[in-house]
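Full structure from sequences and hints, please.
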Amino acid sequence: MIIRYLVLIAFLCSSGAAVAQGPNTPRPEEIKAFHECLRKGGLVFNDRVQCIGKVFETCAMKLQDQTSMGMRECYSRETALWEKMILNSEKELRRNENKPTKTMLSEAARNWKAFRNNTCNIPYAMNPKGTLAPVLGMECFNRITALWALQLSEFATPLGN
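For what it's worth, the working numbering labels the leading residue of the sequence shown as 4, then goes sequentially.
Simulated from the structure, these hints should not be mistaken for lab results. All figures in this text were calculated on a predicted structure; none of them were measured in a lab.
In the DSS-like style, the derived pairs of lysine-lysine whose C-alpha atoms are separated by at most 27 angstroms in a straight line are:
| no. | residue 1 | residue 2 |
| --- | --- | --- |
| 1 | Lys87 | Lys35 |
| 2 | Lys94 | Lys35 |
| 3 | Lys57 | Lys43 |
| 4 | Lys116 | Lys102 |
| 5 | Lys87 | Lys57 |
| 6 | Lys116 | Lys105 |
| 7 | Lys87 | Lys43 |
Here it is as structure tokens:
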């Protein structure tokens with residue numbers, strides 16, 4: 004009887020660790036692919052744009068992720084990395100810039116979020132009951148988030164610095 008309880012406790016502890024990471028949390032190999040691609044791109048915007056989708060590709064290579072739900076999770080993992088990049092760039096810009104720049108940054112962020120959310124809802128509006136709409140919406144969300152992250156990163160680290 005005690006062994007059953009110990010097995011149950013061990014199972015609950017191990018499944019808790021898996022849940023803590025979550026399906027939308029980037030995995031170490033995905034984080035590595037993301038940062039390696041950005042490093043290779045250097046300061047060249049067009050080279051860094053080629054990194055959009057790299058985490059998705061790394062994630063989707065796994066057979067279990069080749070479902071619409073798996074693809075959405077893969078896009079969510081990549082988007083999380085781009086969002087972290089946005090937060091880091093915004094933090095840097097707010098720390099180094101004057102009040103008018105901070106105001107402009109806040110307004111741009113608000114407008115960008117509205118644009119992204121409205122634009123990426125188009126697949127849902129076109130096909131509200133389709134299984135592909137969520138994947139297309141997440142792909143759009145990831146791409147637009149990535150482009151904003153790259154742009155802000157360029158502002159936060161101008162050439163010559």
